[in-house]
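**Q** Sequence:
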Amino acid sequence: MSNEVFDLKKTVNLPKTDFAQKANLGQSEPARLKKWEEMGLYEKIAEVRKGREKFILHDGPPYANADIHIGTALNKILKDFVVKSRSMMGYDAPYVPGYDCHGLPIENYVERKLKEKGKNKDDIPTNTFRRICREHASTAMNNQTRDFKRLGILGEWETPYLTMSNEYEAETARLFGIYVERGFVYRGARPVYWDVYDQTALAEAEVEYADVVSPSVYVKFLLKSDPALIDEKLAGKNVKCVIWTTTPWTLPANLGISVNPRFDYSAIEVGDEVLLIATELVVSVAEKAGFDATKEIVRFKGEKLDKLEAQHPWLDRVSLIMLGDHVTLGDDSADDDGKKSGKTAGTGLVHTAPGHGTDDFYIGQRHGLPAYCPVNAKGVFTEEVEHFAGEFVFKANPKIVEFMRDNGSLLFHEDYTHRYPHGWRSHKPVIYRATPQWFIAMDNQGDKSLRAQALREVENVKWHPAWGEGRMANMIKGRPDWCVSRQRVWGVPIIAFHCTSCEHCVIDAKLIYHVADIFAAETADAWYNREASELLPDGYKCQECGNGEFTKETDILDVWFDSGSSSVAVLETRGDTLHFPADVYLEGGDQYRGWFNSSLMCGIAAHDRAPYKQIVTHGWVVDGEGKKQSKSLGNVTSPHEIIDRSGAEIMRLWAAAVDYTEDVRCSDEILSRVTDAYRKFRNTARYMLGNLDGFDPAAQSVAEAEMLEIDRWALASLNEVTKTVLDGYKNFDFQASYSALYHFCTVTLSARYLDILKDRLYIYAPTSLERRSAQTGLYKLTDSLCRLLAPMLAFTSDEAWENLPGQQVASVHLAEFPAVSEADNSELLARWERIYGIRDEVLKALEAARGEKVIGSSLEAKVILSVDKDTTMFLLDYYPQLRYIFIVSQVEVHEADSLGIKIEKADGEKCERCWNYSVRVGEFEKYPTVCERCIEALSELEKAAAA
RNA sequence: GCAUCAAUAGAUCAAAUUGGUAGAGCAAACGGUCGAUAACCGUUAGGCUUCAGGCUCAAAUCCUGAUUGAUGCACCA
Numbered sequence: 001m002s003n004e005v006f007d008l009k010k011t012v013n014l015p016k017t018d019f020a021q022k023a024n025l026g027q028s029e030p031a032r033l034k035k036w037e038e039m040g041l042y043e044k045i046a047e048v049r050k051g052r053e054k055f056i057l058h059d060g061p062p063y064a065n066a067d068i069h070i071g072t073a074l075n076k077i078l079k080d081f082v083v084k085s086r087s088m089m090g091y092d093a094p095y096v097p098g099y100d101c102h103g104l105p106i107e108n109y110v111e112r113k114l115k116e117k118g119k120n121k122d123d124i125p126t127n128t129f130r131r132i133c134r135e136h137a138s139t140a141m142n143n144q145t146r147d148f149k150r151l152g153i154l155g156e157w158e159t160p161y162l163t164m165s166n167e168y169e170a171e172t173a174r175l176f177g178i179y180v181e182r183g184f185v186y187r188g189a190r191p192v193y194w195d196v197y198d199q200t201a202l203a204e205a206e207v208e209y210a211d212v213v214s215p216s217v218y219v220k221f222l223l224k225s226d227p228a229l230i231d232e233k234l235a236g237k238n239v240k241c242v243i244w245t246t247t248p249w250t251l252p253a254n255l256g257i258s259v260n261p262r263f264d265y266s267a268i269e270v271g272d273e274v275l276l277i278a279t280e281l282v283v284s285v286a287e288k289a290g291f292d293a294t295k296e297i298v299r300f301k302g303e304k305l306d307k308l309e310a311q312h313p314w315l316d317r318v319s320l321i322m323l324g325d326h327v328t329l330g331d332d333s334a335d336d337d338g339k340k341s342g343k344t345a346g347t348g349l350v351h352t353a354p355g356h357g358t359d360d361f362y363i364g365q366r367h368g369l370p371a372y373c374p375v376n377a378k379g380v381f382t383e384e385v386e387h388f389a390g391e392f393v394f395k396a397n398p399k400i401v402e403f404m405r406d407n408g409s410l411l412f413h414e415d416y417t418h419r420y421p422h423g424w425r426s427h428k429p430v431i432y433r434a435t436p437q438w439f440i441a442m443d444n445q446g447d448k449s450l451r452a453q454a455l456r457e458v459e460n461v462k463w464h465p466a467w468g469e470g471r472m473a474n475m476i477k478g479r480p481d482w483c484v485s486r487q488r489v490w491g492v493p494i495i496a497f498h499c500t501s502c503e504h505c506v507i508d509a510k511l512i513y514h515v516a517d518i519f520a521a522e523t524a525d526a527w528y529n530r531e532a533s534e535l536l537p538d539g540y541k542c543q544e545c546g547n548g549e550f551t552k553e554t555d556i557l558d559v560w561f562d563s564g565s566s567s568v569a570v571l572e573t574r575g576d577t578l579h580f581p582a583d584v585y586l587e588g589g590d591q592y593r594g595w596f597n598s599s600l601m602c603g604i605a606a607h608d609r610a611p612y613k614q615i616v617t618h619g620w621v622v623d624g625e626g627k628k629q630s631k632s633l634g635n636v637t638s639p640h641e642i643i644d645r646s647g648a649e650i651m652r653l654w655a656a657a658v659d660y661t662e663d664v665r666c667s668d669e670i671l672s673r674v675t676d677a678y679r680k681f682r683n684t685a686r687y688m689l690g691n692l693d694g695f696d697p698a699a700q701s702v703a704e705a706e707m708l709e710i711d712r713w714a715l716a717s718l719n720e721v722t723k724t725v726l727d728g729y730k731n732f733d734f735q736a737s738y739s740a741l742y743h744f745c746t747v748t749l750s751a752r753y754l755d756i757l758k759d760r761l762y763i764y765a766p767t768s769l770e771r772r773s774a775q776t777g778l779y780k781l782t783d784s785l786c787r788l789l790a791p792m793l794a795f796t797s798d799e800a801w802e803n804l805p806g807q808q809v810a811s812v813h814l815a816e817f818p819a820v821s822e823a824d825n826s827e828l829l830a831r832w833e834r835i836y837g838i839r840d841e842v843l844k845a846l847e848a849a850r851g852e853k854v855i856g857s858s859l860e861a862k863v864i865l866s867v868d869k870d871t872t873m874f875l876l877d878y879y880p881q882l883r884y885i886f887i888v889s890q891v892e893v894h895e896a897d898s899l900g901i902k903i904e905k906a907d908g909e910k911c912e913r914c915w916n917y918s919v920r921v922g923e924f925e926k927y928p929t930v931c932e933r934c935i936e937a938l939s940e941l942e943k944a945a946a947a
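In terms of the numbering used here, the first sequence opens at residue 1 and continues consecutively.
If you're looking for bench data, these hints aren't it; they were derived computationally from the structure. One should not assume that every hint holds.
With a Cα cut of at most 20 Å, we get these calculated SDA-like pairs of lysine to any residue [as the list claims (entries may be wrong)]: (1) Lys862 - Ser939; (2) Lys477 - Arg488; (3) Lys628 - Thr661; (4) Lys869 - Lys905; (5) Lys862 - Arg920; (6) Lys910 - Gly922; (7) Lys307 - Lys295; (8) Lys9 - Gly922; (9) Lys910 - Arg920; (10) Lys115 - Leu202; (11) Lys680 - Gln591; (12) Lys780 - Asn731; (13) Lys844 - Ser866; (14) Lys631 - Lys613; (15) Lys428 - Lys780; (16) Lys304 - Pro261; (17) Lys35 - Arg787; (18) Lys869 - Gly837; (19) Lys121 - Leu455; (20) Lys113 - Ala532; (21) Lys149 - Leu814; (22) Lys224 - His367; (23) Lys304 - Ala228; (24) Lys34 - Leu814; (25) Lys224 - Val270; (26) Lys926 - Lys905; (27) Lys462 - Leu633; (28) Lys448 - Glu181; (29) Lys22 - Lys862; (30) Lys905 - Ser866; (31) Lys552 - Ile124; (32) Lys121 - Glu641.
Pairwise CB distance ranges, derived in the manner of DEER restraints [said to hold, decoys possible]: (33) Gly634 - Gly837: 49 to 55 Å; (34) Asn142 - Tyr416: 49 to 55 Å; (35) Lys119 - Glu402: 43 to 49 Å.
Every residue gets a Cβ at the ideal spot worked out from N, C-alpha and C, and that includes glycine.
Using the sequences and the accompanying hints, generate a full structural model.
**A** Rendered as structure tokens:
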């Protein structure tokens, strides 16, 4: 045995690890991403999980137009939680990201850019324009990919699906062919904004509002139906419906009058006429028109007017009265600046021209009225319009007013200033005009109709949250036929041909498949590069007239059709990687109307079933006060800023910590709390790693039966959290997983277990059972913690994983979640809950003693516990360890009637090595400043040094 | 305007399927420690559960209405 005297400080086993306290995420994250890329982590995971059951999250494609915002980041992070957690559950969980590349916002962007260079869209060939759109989408997509990768999201980033790729465009076209084949597609008319100067359809976004003066006219329509149907008192009277409009030129297209079923209407006798006007508006109309409105014959609900017929004021045509909730009382709308117009106008009976208004169109559609539009592309009345054929509509306005004044149908006319839509290029007033459009019918094919099937499928999908089912069902019930045509160029063309001779429109699934094959080779640009004859099979002839010459349809498909077809265009075109249907779609709540809806239709068209088994939706990111983030309010949080300042890991943890099913707040305070939590996770892991320095789990672990009870308690607690955490992942309730882990780290580990363990780890000889038992526990805890945190803290858990001794697996993301033991530990857990209850009381007493300056450090204390008999018996088993559990130097337990805790100054002297107080300090010759426990440890150390 | 969802300490979340007197850690304040140190431990103080009604012995929880917020749809003829 050596006579050398140890430097006591050096015999204490202090923690040591390369896992730094400071995360330095700004640098460490990119370094780790690089490492993952170099080792091919995503591919390795796929390899390891090969042959396992699949779990497919199908990515809803973000729009490839701009940089990502915080909402996009939240969406992708949540998806990554799903993919990583399912993979760690043992599933083969691939992630193929996608991008939505076609559509109007990109067209608009490109047009704007062209304009800046003094060029016009119409001056360049369509395919040049499409090429620029394609380039723009590519650029945006590349930027987004860079940002998504930076967030630590693993997936097939080198081969994402693009709705503008040749394969995808071909699949989109083919799917349209399937709709055609199944008889869902029809050609109809629908009103759209129409610029009569540019002679083009305009999208909502291309319309600007400006004040104009319009003729405001009140017009009388003779009730043709028997007035007695409304009320006996009206029998035989000359009853007239009064309507109001500011667009007299739409009157030739009037096919109906809409009333609100819930409003009151009055029948007012004026001279030899009885006028029908909404009760609430009678006074204002009478004032304007200057008649005496005191003679109300009867008052009745609008529903009484249902399906009665009126006579057009000058045409030999019936105008159908229809019930609609869109009918409002007067003009109570607010202007853009938020001020009420204060004007009263209207009669509660609304002139309805289905060819000239969206509302008119939908109500007309429900009542079987056509979208009648006797106005041509130049805004000129067609031949069929009596009296006004060949007139430009805005010029016809005063003439129509005069005409009605002459024939007595005009009740009143005035000038009226209001906001009216204008073309953003022409800056001239636009009109609403029905034009030929392509529709997908919701209700034909009977039992196999899209609506009927969709409603059935909705019940087979599992919705998170559960109210999603009702919301989706409502959407499907209420949605009109799907208008899939757009008068644009950046998209997938609708494959139809028009015979140049008889104008017959050819829409044929076989032709569509033929052209789709060409798209597959050349992209949809082929539609614009080739002549119709080069797209049709050789010698194709019109079936109506035998003519062989055709022109191409110019409309393209709605972008929702593009993305909606992803279930077939992606899930079924990636070999063994993916399959239809997907297990889950996870998107923002706006997608009930959008992608969930269009995908459902497409899934049904292709396979008669929903393309997803589960739907998870998340809310929107709002500011710290719950307000919507917007550029004008300046409350926008940029993901780049968060990443640069705090790291992607903080954003991931934020996504995990909040309740994403509702609107999610994001503010500096919230992020600062999340950062605190991050530090807690990190420091907890670091401390455990530090105490595992040099530990060889394979050789030095202690069998569970031989472990100290508190170490077994820690493992039993771990098992409980593991259950909770795995349940959370399984149910997409990441917050539950996060909370459980956070509570485990702060309370179970940091405040209790690790604090108590400190003495044992530092003081006992490295090879002692006491220390090895603790390390065995710590090893299992750290290993499990890394795995359980991995989906959320993708970077940090992997970093900790690398620092775990004896590591065989190259990344935590290749590992699986720890198994849950079914062993019943409830008694063990309950015993320790009781101990911690007593400990909490002791800690309070210690704090009081500290306040009175009896002690500073708790090791300066002796605790004298008075407890009841039962507790005395209970504590008997723990008597020797109580001082370590309480982190004091001495504990006495006395039986008493009630609980009492007395704190005294500990007996003896402070041991220089372990800082505990002991009366035996000074007894030992070689180390006179040390206690009996340290002497033992030191002799062990001496033995080891000699060997 | 219509539909859906929500509202609990400063912030983030709990409070069971079936109503039973609201909890946690964090932050704050104060203290300890100086062997996890840009760490660690403790103590204390924070809530008319958005508001107003109702059912009930009993309501954060159920019902009605309002307010606020978010999203979707529609609308300004």
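**Q** Can the restraint linking Lys224 and Val270 be considered satisfied, given a maximum Cα separation of 20 Å?
**A** Distance of about 18 Å is within 20 Å: holds.
**Q** Compare the distance between the alpha carbons of Lys905 and Ser866 with 20 Å, and conclude whether the hinted pair is satisfied.
**A** holds (17 Å)
**Q** Does the hinted range 49 to 55 Å hold for Gly634 and Gly837 at CB?
**A** holds (50 Å)
**Q** Is Lys304 close enough to Pro261, meaning Cα to Cα at most 20 Å?
**A** holds (8 Å)
**Q** Next pair to validate is Lys862 with Ser939; report whether the Cα-Cα distance is within 20 Å.
**A** Status violated; Cα separation ~27 Å.
**Q** When you check the alpha-carbon spacing of Lys680 and Gln591, does it fall within 20 Å?
**A** violated (37 Å)
**Q** Does Gly922 lie within 20 Å of Lys910 when you go C-alpha to C-alpha?
**A** Measuring from Cα to Cα gives roughly 10 Å; hence the hint holds.
**Q** Given the hint that Lys121 pairs with Leu455, test it: the Cα-Cα distance must not exceed 20 Å.
**A** violated (43 Å)
**Q** Run the distance test for Lys477 versus Arg488: straight-line Cα separation, threshold 20 Å.
**A** violated (29 Å)
**Q** Does the alpha-carbon distance linking Lys869 and Gly837 stay inside the 20 Å limit?
**A** Since the Cα atoms of Lys869 and Gly837 sit roughly 17 Å apart, the hinted pair holds (cutoff 20 Å).
**Q** Could you grab the alpha-carbon distance between Lys121 and Glu641 and see if it respects the 20 Å cut-off?
**A** violated (36 Å)
**Q** Would the hint linking Lys448 and Glu181 be met if the CA-CA limit is 20 Å?
**A** holds (14 Å)
When each numbered hint is compared with the structure, violations occur for hints 1, 2, 4, 7, 11, 12, 14, 15, 19, 20, 26, 27, 29 and 32.
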